[in-house]
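J.: Protein chains in written order, with the numbering used here: chain A, 21 to 377; chain B, 21 to 377; chain C, 21 to 377.
Worth flagging that the hints you see were computed from the coordinates, not collected in a lab. Just so you know, these numbers come straight off a predicted model, no measurement behind them. Among the hints, a few may not be true.
All copies of an identical chain are treated as equivalent in the list; a pair is satisfied when it fits inside any one copy or across any two copies.
DMTMM-like, lysine to aspartate or glutamate: derived pairs with alpha carbons at most 20 Å apart [stated by the list, open to error]:
#, residue 1, residue 2
1, Lys105, Glu289
2, Lys105, Asp292
3, Lys350, Asp290
4, Lys179, Glu253
5, Lys214, Glu224
6, Lys208, Glu286
7, Lys179, Asp255
8, Lys265, Glu229
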Amino acid sequence: MRHFIEVSDFSRQELTNLIDVAKDIMENPSKYADAMKGRLLATLFYEPSTRTRFSFEAAMLRLGGQIIGFSEAQNSSVSKGESIKDTIRTIACYADIAVMRHYLEGAPKLASAYSDIPVINAGDGGHQHPTQTTTDLLTISMEKGRLDNLNIVLCGDLKNGRTVHSLVKALSQFENNTFYFVSPKELKIPDYVKSYIKESSFFEVSSLEDILPSADVLYMTRIQKERFENPKEYDRLKDLFILNKNKMILAKKDMIVMHPLPRVNEISEDVDKDKRAVYFPQAKYGMYVRMALILKLMKEKEQSKDDFEDSRHQLYSTCDNNKCVSNHEKMDKVGFGLLDPEKHIYTCEYCDSNYAM
Amino acid sequence: MRHFIEVSDFSRQELTNLIDVAKDIMENPSKYADAMKGRLLATLFYEPSTRTRFSFEAAMLRLGGQIIGFSEAQNSSVSKGESIKDTIRTIACYADIAVMRHYLEGAPKLASAYSDIPVINAGDGGHQHPTQTTTDLLTISMEKGRLDNLNIVLCGDLKNGRTVHSLVKALSQFENNTFYFVSPKELKIPDYVKSYIKESSFFEVSSLEDILPSADVLYMTRIQKERFENPKEYDRLKDLFILNKNKMILAKKDMIVMHPLPRVNEISEDVDKDKRAVYFPQAKYGMYVRMALILKLMKEKEQSKDDFEDSRHQLYSTCDNNKCVSNHEKMDKVGFGLLDPEKHIYTCEYCDSNYAM
Amino acid sequence: MRHFIEVSDFSRQELTNLIDVAKDIMENPSKYADAMKGRLLATLFYEPSTRTRFSFEAAMLRLGGQIIGFSEAQNSSVSKGESIKDTIRTIACYADIAVMRHYLEGAPKLASAYSDIPVINAGDGGHQHPTQTTTDLLTISMEKGRLDNLNIVLCGDLKNGRTVHSLVKALSQFENNTFYFVSPKELKIPDYVKSYIKESSFFEVSSLEDILPSADVLYMTRIQKERFENPKEYDRLKDLFILNKNKMILAKKDMIVMHPLPRVNEISEDVDKDKRAVYFPQAKYGMYVRMALILKLMKEKEQSKDDFEDSRHQLYSTCDNNKCVSNHEKMDKVGFGLLDPEKHIYTCEYCDSNYAM
Chain A
21 MRHFIEVSDF SRQELTNLID VAKDIMENPS KYADAMKGRL LATLFYEPST RTRFSFEAAM
81 LRLGGQIIGF SEAQNSSVSK GESIKDTIRT IACYADIAVM RHYLEGAPKL ASAYSDIPVI
141 NAGDGGHQHP TQTTTDLLTI SMEKGRLDNL NIVLCGDLKN GRTVHSLVKA LSQFENNTFY
201 FVSPKELKIP DYVKSYIKES SFFEVSSLED ILPSADVLYM TRIQKERFEN PKEYDRLKDL
261 FILNKNKMIL AKKDMIVMHP LPRVNEISED VDKDKRAVYF PQAKYGMYVR MALILKLMKE
321 KEQSKDDFED SRHQLYSTCD NNKCVSNHEK MDKVGFGLLD PEKHIYTCEY CDSNYAM
Chain B
21 MRHFIEVSDF SRQELTNLID VAKDIMENPS KYADAMKGRL LATLFYEPST RTRFSFEAAM
81 LRLGGQIIGF SEAQNSSVSK GESIKDTIRT IACYADIAVM RHYLEGAPKL ASAYSDIPVI
141 NAGDGGHQHP TQTTTDLLTI SMEKGRLDNL NIVLCGDLKN GRTVHSLVKA LSQFENNTFY
201 FVSPKELKIP DYVKSYIKES SFFEVSSLED ILPSADVLYM TRIQKERFEN PKEYDRLKDL
261 FILNKNKMIL AKKDMIVMHP LPRVNEISED VDKDKRAVYF PQAKYGMYVR MALILKLMKE
321 KEQSKDDFED SRHQLYSTCD NNKCVSNHEK MDKVGFGLLD PEKHIYTCEY CDSNYAM
Chain C
21 MRHFIEVSDF SRQELTNLID VAKDIMENPS KYADAMKGRL LATLFYEPST RTRFSFEAAM
81 LRLGGQIIGF SEAQNSSVSK GESIKDTIRT IACYADIAVM RHYLEGAPKL ASAYSDIPVI
141 NAGDGGHQHP TQTTTDLLTI SMEKGRLDNL NIVLCGDLKN GRTVHSLVKA LSQFENNTFY
201 FVSPKELKIP DYVKSYIKES SFFEVSSLED ILPSADVLYM TRIQKERFEN PKEYDRLKDL
261 FILNKNKMIL AKKDMIVMHP LPRVNEISED VDKDKRAVYF PQAKYGMYVR MALILKLMKE
321 KEQSKDDFED SRHQLYSTCD NNKCVSNHEK MDKVGFGLLD PEKHIYTCEY CDSNYAM
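Produce the entire structure from the sequences given, and follow the hints as far as they go.
T.: Put into structure tokens, the structure is as follows:
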């Protein structure tokens, strides 16, 4: 059985199919209005996230399905210290498919290993948030008509923004995309993300104005004062990274501005009325791509072999990342897959932390 | 597009139509069982209110629609400091109509100004609660067979009871209604409410017994000990304002007793079995009138011009009411409409606070 | 009208019918997919219990019905100090049937006395949890093919486990069942439970190994360290009461292991893969038996005479159990039914506490 724990669980072909189905749903909603009649989606939100929860719930309801779930762990048995494994095994008795958001990295991956029903990762700590990436891909495909031959400018906190990391990874699979990273030095894009892109296709830029004129896609992210070693530094730099009406003048007429939302102040409100601002439509695309995802996972009956098992090379008792679910749930061994045979880099099966062994 | 932020958003004709539709739903529920099939209602409760939330959710579900929502702000993105404007713009991507309860006065009004879907005010702080008023009108119409030629006694906290204020305003539009206000001096009905009624049609009374024999409708409200300057005063006075079996003996056989609920102790339980007590049926009427309201707003496709804009006379940067949403959300200017040309009284577009300018 | 407050509300015949309907639903789900179309279930959870709430919500949704409700009292009007009586009378305006979980003993019983719709007890403090018992009966019937001629071993905390008490009571109505109670001395099965069983049909055993070979059904329960007068005692004894792979070797090939869940550590994970472990299927049976229960209560139109009233012998102003709802809600008198005419034992109508009078 298939799950959706990270974007790489789907091939490039599967991602493009997903986008095509989402587009068909937008054009022919009535065709899908009863597709999930009599089916239940469990929304297991161990930390609150209204936007993501609403998007999944609206997706299932618009497919004619129904919802059970909780929106914060306090309301749930987990407060009685039940293990994630037991929780998912019980949920699988009541629901046909589950969406999990968890503060621990790898929690949805662990759940999927013990689940009789498809599990979708709706965000696990700072680790993965794959349906945000599929949302972004659908948005670009809809607004630009393509996923290749694009100049993509990513601006803000590029170090901690997980959605940026997996978007770059996904878009680098398509031909002739060039990436421009605009961020303060404390919040630079990590090397492992650059490793997805071939040398000549990315550039690190110090100011938004310089690069805006050539951008096809501008992807803005939250930039939190607290992230700066010295908060004064933030006040000094923020004008370089905040998008406003004046900067929009520099951009192409057909450029698009994206943002995962919620936005704080990195995009000033005077940009909202600009037709190039697509961050609210982006939210709507997120609902449709999740409808397509639910349909896909519910259709796939055949048991899938756990791809990880095959590439598993090492087993250790723990992972050194203290946010990794393997340090919070009882388990015999943690698997570490071989990431880089030359440098002997291994990666944790749950949180993807890398180690030289 | 139409919203329902305060009772005066609807004309007298629209209110009577709303009541007629509610009655038709009660008589022919099956006719409406699928009216909202495939539509989603978002219930945005920034403060808890089970009764009101259940009433709206039951209304939508009995129309064949579905629900997404939150029942307290902590579970929602707003805890991440997202603005009301951004929240409603996102919700509008997922849902077809929204109900908002908020602790800030004018919050639903602000939301409606940025919303692509109809917004219903389910209570904004101490300001407005229009669907309680439509509930009260349907209850009187059902139980008394008319909305005019009534002796209406309102008892308890008439100063802080927003539902009382807008009920008086609504009923004063109908012919030959007389109002009797029974309250302790600290909790008298405000002058601005009296200004809705013509001089000869209202009286302030000190005790409930005195006026009960001539009442057609008795509207009881919560009377909170804390409201009294001197709590001992409460114990001395409360017998004057608490309804019990003995007082009911004084009332007409066809009088009705109403209460917005929840009641604390202002109506003793020995009254519950009296067939003149209609405060529980009143709750049921509330569900049906909300079904009619959802149907009305969803039907009205055409964009409505913002009536306020036309009557707007003054723009200032802030409103002096610190509970007004304009002091908590970023906005350029607050509009002040001319309420009283003689006395030069202006009213805030969000919280309706009055100022002489 | 019928309610389901404790297992004894249903006759043995009704319980077996309930099980038969549950089995028919499992075999022909589509036959029941729209049975509750247009009907609303209110889930009133005054304390959180995800498992039980999900089970009821999934049951109603799989019958084509809909849900309104709250999952903890804080989100509800009860935080405004509304009485249970008023709450249920209001809920009855919106919903067609209600499920209540409450921290006070007898709260659902009180609600049922004031409700116009069927009320189901989903657990009231340490008192009753009847749908767990119907779940257990369906599980045994499905997995063993019978409810009689069984050797039933109950292990763990038999003193505080309400589910154990009412399961023993229910199974003792069926022929030739023998009960084996395995527990530390501090947590022995209470005498009143033994009084349901005839002398020759139960035995108290000190260790699980000794009795396991002859068991047809092993019912494990949570055993909380805190329950021990001396926690060290727990560490010394726990091996006697924790089930693991090695102990399973002693058991029959067709024995079944049950647990109400959530489990903490009384069953080690190495047992989960054993096909005799049925505690997760048990959760699924719980959903189906609740579907049957909802169908039964919704079908029974006729008003049922309150059986309690008939057997009521004494009225007093209070019950001595400070967790009894009668000490927390305003009420004239509490009824005490005659339980044992010889010993003059009377039982409280709400919490079933016994008193010699």
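J.: Could you figure out if lysine 179 and aspartate 255 sit no more than 20 Å apart (CA to CA) within one copy, between two copies, both or neither?
T.: within (19 Å within a copy, 47 Å between copies)
J.: Within, between, both or neither: how does the pair lysine 208, glutamate 286 come out at a Cα-Cα threshold of 20 Å?
T.: For lysine 208 and glutamate 286, the Cα distance is within 20 Å only inside one copy (17 Å; across copies 49 Å).
J.: At most 20 Å between alpha carbons: which applies to lysine 350 and aspartate 290, within, between, both or neither?
T.: between (51 Å within a copy, 12 Å between copies)
J.: Within, between, both or neither: how does the pair lysine 214, glutamate 224 come out at a Cα-Cα threshold of 20 Å?
T.: within (10 Å within a copy, 68 Å between copies)
J.: Are the CA atoms of lysine 265 and glutamate 229 at most 20 Å apart within a copy, between copies, both, or neither?
T.: within (12 Å within a copy, 66 Å between copies)
J.: What label fits lysine 105 with glutamate 289 when the C-alpha limit is 20 Å: within, between, both, or neither?
T.: Only across copies: lysine 105 and glutamate 289 sit 10 Å apart there, 44 Å inside one copy, limit 20 Å.
J.: Check lysine 179 against glutamate 253 for me: Cα-Cα at most 20 Å, and say if that holds within a copy, between copies, both or neither.
T.: within (17 Å within a copy, 52 Å between copies)
J.: For lysine 105 vs aspartate 292, is the C-alpha pair at or below 20 Å within one copy, between two copies, both, or neither?
T.: Intra 44 Å, inter 11 Å, cutoff 20 Å: inter-copy only.
Hint check: no violations occur; every hint is consistent with the structure.
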